[in-house]
Structures are given as structure tokens and as C-alpha cells.
Amino acid sequence: MNEVAIIGVGMTKWGELWEKSFRDISVEAALKCLDDAGVDKVDSITVGTMSGGLFNAQEHLGSLVADYLGQRFVPATRVESACASGGLAVKTAYMEVASGISQYALAVGVEKMTDVDGGDATFALATASDYDYEAFHGITFPGLYALMAVAHMKKYGTSLEQLAQVSVKNHHNGSLNPHAQFPCAVTLDQVMTSTMVADPMRLLHCSPITDGSAAVLLVPLAVAKKMNKPYAVITGIGHASDTIALCQRKDFAKLEVVEVAAQRALKMAGKTIRDIDFAEVHDCFSIAEIMVMEALGVVESGQGGPATMNGLTALDGDFPINPSGGLKSKGHPVGATGVAQVVEAVIQLRGQAGPRQIKNARTALTQNMGGSGASSIIHILEAR
Amino acid sequence: MAMHVARNWRETPERYRMEAAKCKKCSAIHFPARLICPECQGREFATVRLSGKGELATFTIIRVAPTGFGDLTPYAVGIVKMDEGIHVMAQIVDCNPEELKIGDRVVSQFRRINQEGKTGMILYGYKFVPDLGL
Ligand SMILES: [Zn+2]
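Each protein sequence line maps, in turn, to chains A and B.
What the first sequence shows, in our numbering, is residues 1 to 384, in sequence order.
What the second sequence shows, in our numbering, is residues 1 to 134, in sequence order.
Derived from the structure by calculation, the hints contain no laboratory data.
For each residue, glycine too, the CB sits at the ideal point set by N, CA and C.
Warning: the hint list may mix true and false statements.
[What the hints assert, rightly or not] Calculated from the model, a selection of chain A residues having no Cβ within reach of chain B, i.e. all distances over 12 Å:
no.: 1; residue: His60
no.: 2; residue: Gly302
no.: 3; residue: Leu315
[To be verified] Quick list of in silico lysine to any residue cross-link-like pairs, SDA-like style, CA-CA up to 20 Å:
no.: 4; chain 1: A; residue 1: Lys250; chain 2: B; residue 2: Ser27
no.: 5; chain 1: A; residue 1: Lys250; chain 2: A; residue 2: Pro306
no.: 6; chain 1: B; residue 1: Lys101; chain 2: A; residue 2: Leu160
no.: 7; chain 1: B; residue 1: Lys118; chain 2: A; residue 2: Lys32
no.: 8; chain 1: B; residue 1: Lys81; chain 2: A; residue 2: Asp132
no.: 9; chain 1: A; residue 1: Lys154; chain 2: B; residue 2: Glu55
no.: 10; chain 1: A; residue 1: Lys267; chain 2: A; residue 2: Pro306
no.: 11; chain 1: A; residue 1: Lys154; chain 2: B; residue 2: Ile102
no.: 12; chain 1: A; residue 1: Lys254; chain 2: A; residue 2: Pro306
no.: 13; chain 1: B; residue 1: Lys53; chain 2: B; residue 2: Gly85
no.: 14; chain 1: A; residue 1: Lys250; chain 2: B; residue 2: His30
no.: 15; chain 1: A; residue 1: Lys250; chain 2: B; residue 2: Ile29
no.: 16; chain 1: B; residue 1: Lys22; chain 2: A; residue 2: Gln248
no.: 17; chain 1: B; residue 1: Lys101; chain 2: A; residue 2: Pro183
no.: 18; chain 1: B; residue 1: Lys25; chain 2: B; residue 2: Val48
no.: 19; chain 1: A; residue 1: Lys359; chain 2: A; residue 2: Ala314
no.: 20; chain 1: A; residue 1: Lys226; chain 2: A; residue 2: Asp36
no.: 21; chain 1: B; residue 1: Lys81; chain 2: B; residue 2: His30
no.: 22; chain 1: B; residue 1: Lys118; chain 2: A; residue 2: Tyr131
no.: 23; chain 1: A; residue 1: Lys41; chain 2: A; residue 2: Asp67
no.: 24; chain 1: A; residue 1: Lys154; chain 2: B; residue 2: Arg105
no.: 25; chain 1: B; residue 1: Lys81; chain 2: A; residue 2: Met153
no.: 26; chain 1: A; residue 1: Lys254; chain 2: B; residue 2: Ile102
no.: 27; chain 1: A; residue 1: Lys250; chain 2: B; residue 2: Ala28
no.: 28; chain 1: B; residue 1: Lys53; chain 2: B; residue 2: Lys25
no.: 29; chain 1: A; residue 1: Lys250; chain 2: B; residue 2: Glu39
no.: 30; chain 1: A; residue 1: Lys155; chain 2: B; residue 2: Asp104
no.: 31; chain 1: B; residue 1: Lys101; chain 2: A; residue 2: Gly157
no.: 32; chain 1: A; residue 1: Lys229; chain 2: A; residue 2: Ser241
no.: 33; chain 1: A; residue 1: Lys359; chain 2: A; residue 2: Asp275
no.: 34; chain 1: A; residue 1: Lys250; chain 2: B; residue 2: Asp83
no.: 35; chain 1: A; residue 1: Lys154; chain 2: A; residue 2: Ser301
Required output: the full structure, derived from the provided sequences and hints.
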């Protein structure tokens, strides 16, 4: 199996991009990535996107991206794992290169969510749940994570203030990221008095609806070494699934899928969580970041809230989480998120993150999640 | 999105009667029914009807509703631990959602859930109400 490196990264500005289409943003991110790598022809394209059908009335998205990227006849594959579609695209591109099938494997994550109104976007997202047994009853994604939050608060005493602090921290980081949809700081008071969406999840606990795309180019490590460019090596991948319906899990205050995926990724990389310098995680809702840091083993179960309050996960903390601003501040174009997490990890490992640069960042972990935790994909990346 | 009538009609046993599948090998109960038991890989099941009684394991109050549920806001959705030991998600109604607590006893009732987009077909199913022991 080839060792695999990331030799190029690119992403668009994220936000409500009324003037740009699905194909515009996916091609823009891919071109930035190819220019970054100095490559103009690829051997395969993997497109991670959740629901072109429901958001844009367009499927067959692998071919669409290959065509408009000027890569006619290149094998193009669309992969889907709800909000973890981007992470799955990176994993699929990894397998292309590791297996020797592709030398230059491009992974593009993309979602164009504002072509439909809010109700239809909510419907499209709800199809990542168990439609007949969850969404049918009027639950929403903020609602599903609210159910976890209430269980976590009851079991561990996690407070509303601790939940709000996740958003405060991530908005601070995002205010330093020019690609973020909402690059603005927010105060604890603003978060705690924002509009209630699904108790106890308020508007500023929730990631927004976003248009955006991100891309990475993967090559064999041996090829990367000859390209005279900074690169990062993918040394671990962990991928797991769980019950599609939240109510069928054993413990609503725990994301077991993340725990399993993390153990697999760390084992593959020959590392423990103590060896990781920082992480980009799937903070689709504030409670998710707290539960993910517990599942990763950064802190014990129930300690995610207090640790966030104490600054453990701040940019200058001992274990920075979401230096990019996370889904909360940077935005959450669902299929693009997993790829953008890897983009941020590479930028940090290259030492190019400017004002949000983490000191001595050598080893990164990215955690992407599908639905209410029915899938998760974790990558470990190292500077070499 | 308009769905063919069969999309909803085939869910009748679960939605109208809360029919579950009990594994003949390990006795695990599954709702909805499955073709293979994730606990023991058994493939033979007996149909059982859930009692409809249970207690609230966790809940939320939906303030921003999906299409079709806007008239109901604010409404509670919870996960109920049924007396049979399994968990079911549904709305909790006929109560002040602000006063709900984890552990509250609830019982299922047959209710109108929603209306199918363009056809206007009314969809029925189960919701839970406080169990007053009546
Ligand atoms: Zn069984």
C-alpha cells in the first residue's frame, strides 16, 4: 500500500453565495487546490456531497464536476454519508492512491444549500435521520442534538454556560478566518439569549445553512517528496457507522461511533490522543463538540463542558479544537465540511494559518460526522 | 415532496398499532421490525404489540419546525423508554411542554401527525400524552 500525502488544498469563501452555482463553487475550490499543487491533470475525482437532488435538483455530480473542471473522461465518483460526505470523499481518494489506482486523486466536498428555502433545506437535512421514525414525528436536526444535550446535562451536569462557551470560542477562531461565513466574535451573553430553536439549543448553538466547497489533492508520498512543495501525510483513517435512529443507541449522552472511529484511526497511525496537537471536529451544534471531545478521549466522559470553560480547547490551550472556527462560525455546507476540516489541518501543519496559527502544530486529527452520529470519519495528518 | 400512497400505507402496522418484532432466539424486541436481529443474527420473529406505556428518557421543545409542523409550535418531541425496555421517538402532547421532566410517565395515543404535501393525504401515527393512570 502506498503512503499517501496531501500536496494541494483549496476552498471558496463560504456563505450565502447567491451569484454562484453548484458547479461554480466546486470548480473554484478544485482549481485553487490544483493551482496550489501545481498540477493540471488528475487521475480520479471523488465528489463528496449530501443531496444535490434535494438542494439543487441535480444528481450525477461526479461527472458534472469532472466536466466543468476540464477533466473530461477522468473517472469521477460521488460519495455520500450525509454531513460526513466530505470526510468520505477524502477517504475514498486516499484508497485510490494507497491502492496504486490513481497517482493524482482529487477530493472535492461541496454543498449548495441556498437554492431552496429554509423549510425545504430543513427537509433535505432531515433525510439524514431515520425518516419514517424520526423526521416523520416532526423532529429536526437541532432537535436531535437537543435530545442528546438534555441527556448529557442530566447525566453529567453539563451547563448552558458551558454549551454556550463552545460557540464563543469557535466564533473567536472564525473571526480570524477569511473564508468563514460568520467571521465575527460573539459574547457568552449573546449566545445565551439568542433565539431558542430546540430547547436547550439556541440559534447561536447551531451551525448555519451555507454554500461552499473545499478540495484536496492526494498523491503517493514518494511523488510528494519530488514535487518541492509543503505536504502533509495521512497516517490514520477511522471510519464507523451506528444505528440510523438516535433512539436505538444505548446511551444518548455518548457518541460511540466517534469513539470507535477514533480508536481505529489512532491505531492505524500508531498514536494515542496525547500525541495529537489539535483537532478540527464536527461542531454542528455546541453539544456535539463537547460529546466529540469526550468520545475522542481528550477528556473523560462528562468533562467536556468544564474543560471548554477552562480554556483547554482554545487556540492557545493545551488541546486546541476547531482553530478554523468550526462549523459554527466557518459555516456548514454539509458535503464540504469534511474536506474543509482536512484543508484547515494542512494549512496549520504547513504553518500558514496566520493569526490563528497553532504553535508547533505537527500532528492533527479531523472528525467528520453524519446525521445524529450514524457515521463518522476521522483522519490523522502529520507534517513531515 | 409528494410520495406515492404506498410509501405511507406500508408503515400502517407500526404507526397504527405499534407492532414490533420479538426475536425468537434471544427475545430482543425491535421497533420497527427488522429482518435480522442485530443482537444475535436470528431471522425468526414473532409480532408483538407494544403496551404504549413508558417514561420520558429525554425530550426537547421544537420552536423552529420543519415544513408541515409550523402550526404546532412550540411542541415537545421525546424519546420514551417503553416498559418493554426499548426506546421510541414521538411527540409528547396534551401537556405544557415547559413542565415536562425526564422520568415522566407517558402513554401512547393514535393521533394525526401530518399531511402529505401535494396530495393532502392525512398521515396518522402515535403520540404520547402524560399517563394519568385513567
Ligand atoms: Zn436476537
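Cross-check of the supplied hints:
1. Non-interface call for His60 of chain A relative to chain B: holds, since the shortest CB-CB distance, roughly 19 Å, exceeds 12 Å.
2. The Cβ of Gly302 of chain A lies farther than 12 Å from every Cβ of chain B, with a closest approach of about 16 Å, so its non-interface assignment holds.
3. With a closest Cβ-Cβ approach of about 31 Å to chain B, Leu315 of chain A is found to remain outside the 12 Å limit, as its non-interface label requires.
4. Taking the CA atoms of Lys250 of chain A and Ser27 of chain B, the gap is near 17 Å; set against the 20 Å cutoff, the hint holds.
5. For a cut-off of 20 Å, the pair hint linking Lys250 of chain A to Pro306 of chain A is broken: about 24 Å separates their Cα positions.
6. With a CA separation close to 17 Å, the supplied pair Lys101 of chain B and Leu160 of chain A stays within the 20 Å bound.
7. With a C-alpha separation of about 43 Å, the suggested pairing of Lys118 of chain B with Lys32 of chain A is violated against the 20 Å cut-off.
8. Between Lys81 of chain B and Asp132 of chain A, the direct Cα distance comes to roughly 19 Å. Compliance with the 20 Å bound is thereby established for this hinted pair.
9. A distance of roughly 15 Å separates the Cα atoms of Lys154 of chain A and Glu55 of chain B; the hinted pair therefore holds under the 20 Å criterion.
10. Restraint check: the Cα-Cα separation between Lys267 of chain A and Pro306 of chain A comes to about 28 Å, which exceeds 20 Å; the hinted pair is violated.
11. Taken as a hint, the Lys154 of chain A and Ile102 of chain B pair is honoured in the structure, with Cα atoms around 8 Å apart against an allowance of 20 Å.
12. Taking the CA atoms of Lys254 of chain A and Pro306 of chain A, the gap is near 16 Å; set against the 20 Å cutoff, the hint holds.
13. Proximity of Lys53 of chain B to Gly85 of chain B is assessed by CA-CA distance (about 10 Å); at most 20 Å being required, the pair is judged to hold.
14. Straight-line distance between C-alpha atoms of Lys250 of chain A and His30 of chain B comes to about 14 Å, which keeps the hinted pair within the 20 Å bound.
15. Using a Cα cut-off of 20 Å, the hinted pair Lys250 of chain A and Ile29 of chain B holds, with the two alpha carbons roughly 14 Å apart.
16. In summary, the hint linking Lys22 of chain B to Gln248 of chain A is supported, as the alpha carbons are separated by about 15 Å, within the 20 Å threshold.
17. Restraint check for Lys101 of chain B and Pro183 of chain A: not satisfied, since their Cα atoms lie roughly 38 Å apart, outside the 20 Å limit.
18. Among the hinted pairs, Lys25 of chain B with Val48 of chain B is consistent with the structure: their alpha-carbon atoms are about 15 Å apart, no more than 20 Å.
19. For a cut-off of 20 Å, the pair hint linking Lys359 of chain A to Ala314 of chain A stands: about 12 Å separates their Cα positions.
20. At roughly 15 Å between alpha-carbon atoms, Lys226 of chain A and Asp36 of chain A fall within 20 Å of each other, so this suggested pair holds.
21. At most 20 Å may separate the alpha-carbon atoms for a hinted pair to count; Lys81 of chain B and His30 of chain B meet this at roughly 13 Å.
22. Restraint check: the Cα-Cα separation between Lys118 of chain B and Tyr131 of chain A comes to about 18 Å, which is no more than 20 Å; the hinted pair holds.
23. Among the hinted pairs, Lys41 of chain A with Asp67 of chain A is consistent with the structure: their alpha-carbon atoms are about 13 Å apart, no more than 20 Å.
24. Taking the CA atoms of Lys154 of chain A and Arg105 of chain B, the gap is about 17 Å. The hint holds against a cut of 20 Å.
25. Distance restraint check for Lys81 of chain B and Met153 of chain A: the Cα-Cα separation of roughly 18 Å lies within the 20 Å cut-off, and the hinted pair is therefore satisfied.
26. Of the pairs offered as hints, the one joining Lys254 of chain A and Ile102 of chain B holds, with about 17 Å between alpha carbons and a cut-off of 20 Å not exceeded.
27. Under the criterion of a C-alpha separation no larger than 20 Å, the hint pairing Lys250 of chain A with Ala28 of chain B is consistent with the structure, at around 14 Å.
28. For a cut-off of 20 Å, the pair hint linking Lys53 of chain B to Lys25 of chain B is broken: about 25 Å separates their Cα positions.
29. At most 20 Å may separate the alpha-carbon atoms for a hinted pair to count; Lys250 of chain A and Glu39 of chain B meet this at roughly 13 Å.
30. A threshold of 20 Å between alpha carbons decides the hint, and for Lys155 of chain A with Asp104 of chain B the separation of about 16 Å falls inside it, so the pair holds.
31. Restraint check: the Cα-Cα separation between Lys101 of chain B and Gly157 of chain A comes to about 15 Å, which is no more than 20 Å; the hinted pair holds.
32. For a cut-off of 20 Å, the pair hint linking Lys229 of chain A to Ser241 of chain A is broken: about 35 Å separates their Cα positions.
33. A hinted pair counts as satisfied when its Cα atoms are at most 20 Å apart, and Lys359 of chain A with Asp275 of chain A qualifies at roughly 15 Å.
34. Between Lys250 of chain A and Asp83 of chain B the CA atoms are separated by roughly 16 Å; this keeps the pair inside 20 Å, and the hint holds.
35. Taking the CA atoms of Lys154 of chain A and Ser301 of chain A, the gap is about 13 Å. The hint holds against a cut of 20 Å.
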